[in-house]
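K.L.:
Residues per chain, in single letters:
There are 2 protein chains.
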Amino acid sequence: MQPLDPTYFGDIDPPQRLLMGPGPVNAHPRVLRAMAADLLGQFDPEMTGFMNQVMALYRPVFGTQNQWTMLIDGTARAAIEASLVSLVEPGDTVLVVNFGRFGLLLTEILNRLGAKIETVSAPWGEVVPLEAIAEAIERVGPKVVATVHGDTSTTMAQPLEGLGALCQAAGAYLYVDACATLGGMEIAADRWGVDIVTGGLQKCLGGPSGSGPITVSDRAATRIFARRHVEQGIRRADIVDGAGPRIPSNYFDLAMIMDYWSDKRLNHHTEATSMLYAARECARVALGEGLDARFARHRKAGAAMTAGARALGLTVYGDDAYRMTNVTGVYIPEGIDSEAVRTMMREHFEIEIGTAFGPLQGKIWRLGAMGYNAMKHKVLLTLGALEACLKAQGFSLPLGEAVPAALAAWEAA
Amino acid sequence: MQPLDPTYFGDIDPPQRLLMGPGPVNAHPRVLRAMAADLLGQFDPEMTGFMNQVMALYRPVFGTQNQWTMLIDGTARAAIEASLVSLVEPGDTVLVVNFGRFGLLLTEILNRLGAKIETVSAPWGEVVPLEAIAEAIERVGPKVVATVHGDTSTTMAQPLEGLGALCQAAGAYLYVDACATLGGMEIAADRWGVDIVTGGLQKCLGGPSGSGPITVSDRAATRIFARRHVEQGIRRADIVDGAGPRIPSNYFDLAMIMDYWSDKRLNHHTEATSMLYAARECARVALGEGLDARFARHRKAGAAMTAGARALGLTVYGDDAYRMTNVTGVYIPEGIDSEAVRTMMREHFEIEIGTAFGPLQGKIWRLGAMGYNAMKHKVLLTLGALEACLKAQGFSLPLGEAVPAALAAWEAA
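Taken in sequence, the protein lines are chains A and B. To convert, note that position 184 of the first sequence is 184 in UniProt numbering; the numbers rise steadily by one, no gaps. To convert, note that position 291 of the second sequence is 291 in UniProt numbering; the numbers rise steadily by one, no gaps.
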């Protein structure tokens, strides 16, 4: 074995960055401390008690009474794949509401599952009108409609009020990826009539990536349990296989995962205990603050960031009417070196702002203010630092205007 | 929203259990503390630096020089599925070396992937002789051979020396699930000639479940990159798709995951930062102790537990010659209420011991001593408590013999 350089491999000691991009963001200190709690056995009554608490805590977070409200052990993307692989049967027609990179991700995952994919799209920077979705449902007769709520790639939030009723009238299930908005903008799974909603911890919930909260309606659970196929080696008389086609993934088999989170406690994976502690603490922090107060805080932070960016002379990206509250896109000014600004922000101010993907790469920056970072002082510090960096890079801009504009917008929002 | 009972949903405060079952076990305190470090952006140079350190740290842990040594964001089971879904193409013949519940899990996952499965099996409590595997390879001509190293369901460790050469001679790839032994028994990926090895943190590495270390040989990586299919929305000129069939999972697509862990830094999932910190600290603790010293400590703990169990009058399960060093199966004595003993162990002593699966359910207990718990005092405390509980439940046993027998075995091993 090679000797390892003890300096390079020293104690964990990351720099204290302020993460004001599209996520991940800094975790709430209570969440980080919760992960330091000692572990428990998988079926210890204290452990299954914590699992039940997580189910109860995430129901209000998702705006639902769904029994099946739990965690997927992986990142937000894992929760998306678990939903689609369990809900969609090969050959099903799925209508994807596509208005950004994460709509394309849904298409990508569905393609691999053998779904027949139809899309109803909006240009990046806009959302898809409900009437266009209704028309597409009528036209293609989907078994499942899948959409993102807030797509950080474009900073747009798709309105979802009324979509569930449309789907149910057409006999379709509705899936929503709320990774980027859960805990920061209202998610009303029951009122919207959504069958499965998934999220992540690393955006508005102020935790680390690595656990994907999920809620599943009873009618979606019925469809999924029809595909239950308990693995060899742990079959039991009290858990009966369904007649539907087997779910093509074992790890993402929601039927077995629901059986694990039920009183049946079917052995599946070993629950990621520290991440469960983190998810539990994220929800406690959010519910302790109060969801309405939390949404208002994100709204104020978004309004302040947007107003401050405009006062810097920057042009804000996308449709004002449908902007996510927790991330703001701004055009990189002509002639300004994007990476030079980001590097200066990071190296002098320890602040991270985001770049962009695909058609927006090199065109916009994304300024986030979410979870533990959706705070007045963090927005103001970011704007002040950005002003200094833009000036240093030769951008001609009004000085000293961003902070008061942001403060006024914070108060007014 | 319903008001939440603040007592029930109070600060995280799990009881301080000593976890002496087949895993998960208590994490090393340094690992728990490492997770409390603040987060970083996904492509922050400090973050990608930590990713590179993890790659370097896990090479000696796996006994390999493989470039592709990294983490899968999920539990150990996620790393298994990522390996098989990326390495095995639908219709490939896969030979599963099956000697317990986790061999059946490989079969289960492969079934869902559309592999043609052949098995070479041993009865539970034994391992599969190398000659039997050689004969099966000859007979079925597999594209992939898949086996578990240590199967906690039976406490047996399959010898793997020489298996890689057999596979290579037959043009097959070799996959090994080392979840239950990595960091506790030698894993020699390169010397054994294994193409992919996966593990977990929650056994001998003394961390929480939720991150799956993996190493991939260059020849396996070549096969996997031939199936590369970069998702829409993030395609780049410098990353070219392969001609092979698309990997049916996006989350478990090792081609994209390797591109994420490479200098290309292709965006895929958002790396589970706190779990990465945990995995890094697990490896630092293991390498700091020294792998040989660590294996010796597990050997001593296993020998002590086994000798102590025998001194209690218990019959040890399985073939002595191939026992895992970190978990010992003992028959539940005739007439003794298994759950009464386990409950008394937990409620009076705060010690957890394990039950069993499938054909062994209700027949054996599994006594683990792994990772941070493979320590002399923890083995002795467990044996002393078990003696008291067995006596209380009416088992007639020699008193005061287990501790000295365990101590003698610890010294001799």
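Do not rely on the hints blindly, as some may be mistaken.
Where chains are identical, the list cannot tell them apart; a pair therefore holds if satisfied intra-copy or between any two copies.
With a Cα cut of at most 25 Å, we get these calculated SDA-like pairs of lysine to any residue [what the hints assert, rightly or not]:
{"hint": "1", "residue 1": "Lys-376", "residue 2": "Met-51"}
{"hint": "2", "residue 1": "Lys-264", "residue 2": "Glu-339"}
{"hint": "3", "residue 1": "Lys-143", "residue 2": "Arg-342"}
{"hint": "4", "residue 1": "Lys-264", "residue 2": "Pro-15"}
{"hint": "5", "residue 1": "Lys-363", "residue 2": "Tyr-260"}
{"hint": "6", "residue 1": "Lys-116", "residue 2": "Glu-89"}
{"hint": "7", "residue 1": "Lys-116", "residue 2": "His-229"}
{"hint": "8", "residue 1": "Lys-116", "residue 2": "Arg-246"}
{"hint": "9", "residue 1": "Lys-376", "residue 2": "Pro-45"}
{"hint": "10", "residue 1": "Lys-376", "residue 2": "Gly-10"}
{"hint": "11", "residue 1": "Lys-116", "residue 2": "Val-230"}
{"hint": "12", "residue 1": "Lys-363", "residue 2": "Gln-16"}
{"hint": "13", "residue 1": "Lys-116", "residue 2": "Gln-16"}
{"hint": "14", "residue 1": "Lys-116", "residue 2": "Glu-231"}
{"hint": "15", "residue 1": "Lys-363", "residue 2": "Ile-239"}
Bear in mind the hints are in silico, worked out from the structure with no lab data behind them.
K.L.:
With reference to the structure, classify each hint as holding or not holding.
P.N.:
Hint-by-hint comparison with the structure:
no., hint, verdict
1, Lys-376 - Met-51, "neither (34 Å within a copy, 32 Å between copies)"
2, Lys-264 - Glu-339, "between (53 Å within a copy, 17 Å between copies)"
3, Lys-143 - Arg-342, "neither (44 Å within a copy, 48 Å between copies)"
4, Lys-264 - Pro-15, "between (44 Å within a copy, 23 Å between copies)"
5, Lys-363 - Tyr-260, "between (46 Å within a copy, 23 Å between copies)"
6, Lys-116 - Glu-89, "both (10 Å within a copy, 22 Å between copies)"
7, Lys-116 - His-229, "both (24 Å within a copy, 18 Å between copies)"
8, Lys-116 - Arg-246, "both (18 Å within a copy, 16 Å between copies)"
9, Lys-376 - Pro-45, "neither (42 Å within a copy, 27 Å between copies)"
10, Lys-376 - Gly-10, "neither (35 Å within a copy, 28 Å between copies)"
11, Lys-116 - Val-230, "between (27 Å within a copy, 20 Å between copies)"
12, Lys-363 - Gln-16, "neither (28 Å within a copy, 53 Å between copies)"
13, Lys-116 - Gln-16, "neither (46 Å within a copy, 51 Å between copies)"
14, Lys-116 - Glu-231, "between (28 Å within a copy, 17 Å between copies)"
15, Lys-363 - Ile-239, "between (54 Å within a copy, 21 Å between copies)"
Checked against the numbered hints listed earlier, the structure breaks hints 1, 3, 9, 10, 12, 13; every other hint is satisfied.
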